[in-house]
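Novice: Residue numbers (my numbering), protein chains in the order written: chain A, 1 to 234; chain B, 1 to 85; chain C, 1 to 774.
One should not assume that every hint holds.
[To be verified] Simulated crosslink set (SDA-like; lysine to any residue; CA at most 20 Å straight-line):
1) C:663 with A:113
2) C:161 with A:56
3) B:67 with B:7
Because the hints were derived from the structure by calculation, they are not lab data.
Quick caveat, the model's predicted, so the values are computed rather than measured.
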Amino acid sequence: MKFAIVRFPGSNCDEDALLAVTEGIGQEAVYCWHKDHDLQDADVVILPGGFSYGDYLRAGAIARFSPIMQEVIAHANRGGAVLGICNGFQIACEAGLLPGALLRNASLRFVSEPVNIRVESIATQFTCNYHIGQTLQVPIAHGDGRFTADADTLERLEGEGHVLFRYVTANGHVTDRANPNGSARNIAGIVNAAGNVLGMMPHPERALDAKLGSTDGLPLFTSILESFMAGAKS
Amino acid sequence: MTRFRIALHIVPRRGILDPQGKAVSDALHSLGFPGVQDVRVGRFLTIDTTAESAEAARQSARVMCEKLLANPVTEDFEIASVEVS
Amino acid sequence: MSTVNSHKVKPRAGDPAITPALVAEHGITPFEYERLLAMMGREPTFTELGVVSALWSEHCSYKHSRPLLQGLPTKAPWVLQGPGENAGVISVGDGLAVAFKIESHNHPSAVEPYQGAATGVGGILRDVFTMGARPIALLNSLRFGPLSNARVRWLFAGCVKGIGDYGNCMGVPTVGGEVVFDPSYEGNPLVNAMCVGVMREEELIRAVASGVGNPIMAVGARTGRDGIHGASFASEDLTAESEAKRPMVLDGAPFTEKLLLEASLELIRSGHIVAIQDMGAAGLTSSSAEMAERGDVGVTIDVTRVPVREQGMTPYEILLSESQERMLVVAIKGHEDEVTKILAKWDLEAAVIGEVIADPVYRVTEGETIVAEFPGSRLVTECPRYTIEARESAALIAARAQNPHDVTPKPEERDHAWTLERLLASPTIASKAWVWRQYDSTVRTSTLVGPGSDAAVVRLRGTDKAIALCIDGNGRHVALDPRNGGRAAVCEAARNVACSGARPKAITNNLNFGNPKKPEVYFQLREAVAGIGEACTILETPVTGGNVSLYNENPLGAIHPTPTIGMVGLVESLAHVTPSAFQHAGETIVLLGEPTDELGASEYLLTVHGKTIGAPPVCDANKERALIEALLESIASGHVRSAHDCSDGGLAVALAECGIVNKAHQYGFTVDLSQWSSLSPRALLFGEAHGRVVISTSSAADVMTVARKHGVPAFEIGVVTNAADGAAFTLAHDSFRAPIDWLSRAFHEAIPVAMDGETPAEHAIAASHAPISD
């Protein structure tokens, strides 16, 4: 299968995302430039982390209007898979692909450290290779990661199982101290109603190698791969 | 066409936690302003543009805010002034 | 032959007249002015005065330090580029080259910490990518006054945020560094930033202008009025008036620099250019003059063609502007459009502003009118060099002569656990996690060992190798014995990379000193540089470049002389990467090297008694070399589980750090130091004797054999235990124990409590670095 990694001016985690695909799961990956109108027939689009447009105005606010985003939105509307990581999550929310918004961390500081997140749903093409309630160790590195949405949206996300990952302690408990940025309900990652667009603040592409501390990001990519293969057969 | 200068305020919605506002409020308290109840920290933009009329300029500004300048989930906007420049 | 055509260069209408007062304002001494007149054969124009003021400032010319630096060892078979270029470069095998350099931004950070530190990071990044290397790591060395001081906390927080915001936005991981707090830096904080980049050897490009007729192009951001005379500002003492020089501190735009980085690397690989240099201190002036001097060619620049963002800028302003995020390029004639296209892809501008000429002059015009012209390359080389009378300060001689053992211990010190806990809580020793959690250390998925360890380790993709990086310095040791201290700084840095499993290969250094016109400071500079040279020669770690920052003093006095050493080491195989913390209970603790009775210049004396006195521990570079060989051999044989060197706080602190630094996996230990019965307990526990490493191993006998072979003293001193068993020390005449969680709280909470007034939030995992899997 083929992955498109979108590059905006200021994207930093594009190379890490490419390597996650080519080395992590041995699939084809190409870069798509923000000015292009062509996703090169990719099956999955990754919006990588970084500081697109310097996070000017609001993180992701300007990137969402790039020419390539029209193609990404069309791809998502057709049911194509989109994975938004960190700045990618911010862009997806600004573009309306996902509900809510990401605000400045409650501590007002950039936070870079490994955190624990709990898998809340395995009923998606992104998480089917995890176990329900599995605790993962994945790095975060962001200054604007506080997930916010109005009460109705939060209820809907919870009620319909669209919360995919939640910040927890090493023992899997949802506590304030386990929440690195003040996100509502410790939400670290969500999926849209159709189940094809995932947004998450932690970096699974940085958790694919034991030498770097964790391989807990790998099942996310293998889930995407296996779901795609299963879909291709049917 | 006339040249206008539009001044806009973008502020965090009421109900959204504004940690920056809280930090500023705490700092003001420790500086000796115990009466300070609440602080909101937002953005102030000035836009120099041409339009047919002040009303048209105001309307453009509204659309700019709705589309780009303010995030409807978390921010409110206010057009502070529209002046011929 | 110089061909300065006096009649063509007239004073510019509207420019001020050249008076002695104006010359003095430009930081040019009467002696230097005479030299200038002789070189020009006439009075300089105002524009020329500005150019000379910048190029002959200490920051750009190194006029007080160059004679001293000439003796440093700079060559080795693996050095591809030594001092003289924008960054040094070494070969690491597999066709790869590593470019690296350290630079200071001390004066700007003292008045505007956020932007001062941020633009320091911006500048050092440009120095590295202008060589053709992609930056893969950043480190920084910060020094402030005591943390109890509110202004210090403001400076500290601002610098850390500035460094973080800039480096994080650039997508380059900040992987290591040091932070030191000492009263001597209270008026003069030090901010030294180091950058390391990687490229294929053939991608190395030098900033050497060449090819008559080749166009000179300005690329990147537009030029404004920022920072004019920033180089001169860095070349004078800080005073009360310095605050008013706040406009002298520039605003950095890391997003623009990220675009510039990508565009520059593309440009360098494109084949359309012959040379590139970043515009840093003294902007367009220094970059063009230096490129011309290296190439031994002439250049002509028309300031009206430089893209500007302010109206009515004079040639003086355009030449001296330090607007950030700009590069100077010498393109191949006919390829200007290709260059512009590459810059345009990244939404940046490019403009032809001049060309390389045969006439060996440095010429600046405003349209058709010549406003400045200097004879050939002499502009840079004609700058006077100074050698000052050197004399050691009587006060420091006296301080060194004081006997630390005469300092009466406090009653609390009867329990050494109290002293140990106080040292772990001292901000210089305590955990710096508060700092580096604000730095993205994992972007680029190559950080094998991140902040909080002896050295950072970053892998080189496509190979089985990695590079180990650290910055080290010790102002107290250099103040009390500059030559020994200079040696010790290099040796400590080498030990740190060796503890990570890397062979030390080369250094970059930042010399942070006071006013060099004072004989006492000049003495420190001369001796410290000599010490650095001695150690680098013996350890075979040549100096590939660096930075000199002088005039770090204020009306209250000068800083401790503080050379900081940026060390690059090579890990030959990923299997050699070694953590610094204990990994398993039950393993044996071996001490390589030997404790001595030397208590002088220790963090113990400063923290517990407020004193900086006594002869610093002697550093023997030959012994260090043997230690490093023994350590690397044991690591390569797989016999070392963890290795941590002894520095601030001595052996007791080093042992405690091994147990507590990794919050998620803490250990206790039991050690018997009773064999050193002739040493005073204070010196044994907290003295900072050099050449010592604490190792944990399950093959102690093998480690001891290798150590003996290299002539390195080695001692089995104890065993790693569970955290619940605490830290237990047996000495000749007493013993003491401390709970691990008590020591851990002191170490991990000191800085967060000082800065935020509360203990750090316990996120699910607060490991200081990812444990290396077996």
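Novice: Look at each hint and say if it fits the structure.
Specialist: Quick rundown of the hints versus the structure:
no. : hint             : verdict
1   : C:663 with A:113 : holds, 13 Å
2   : C:161 with A:56  : holds, 17 Å
3   : B:67 with B:7    : holds, 17 Å
Of the numbered hints stated above, none is contradicted by the structure.
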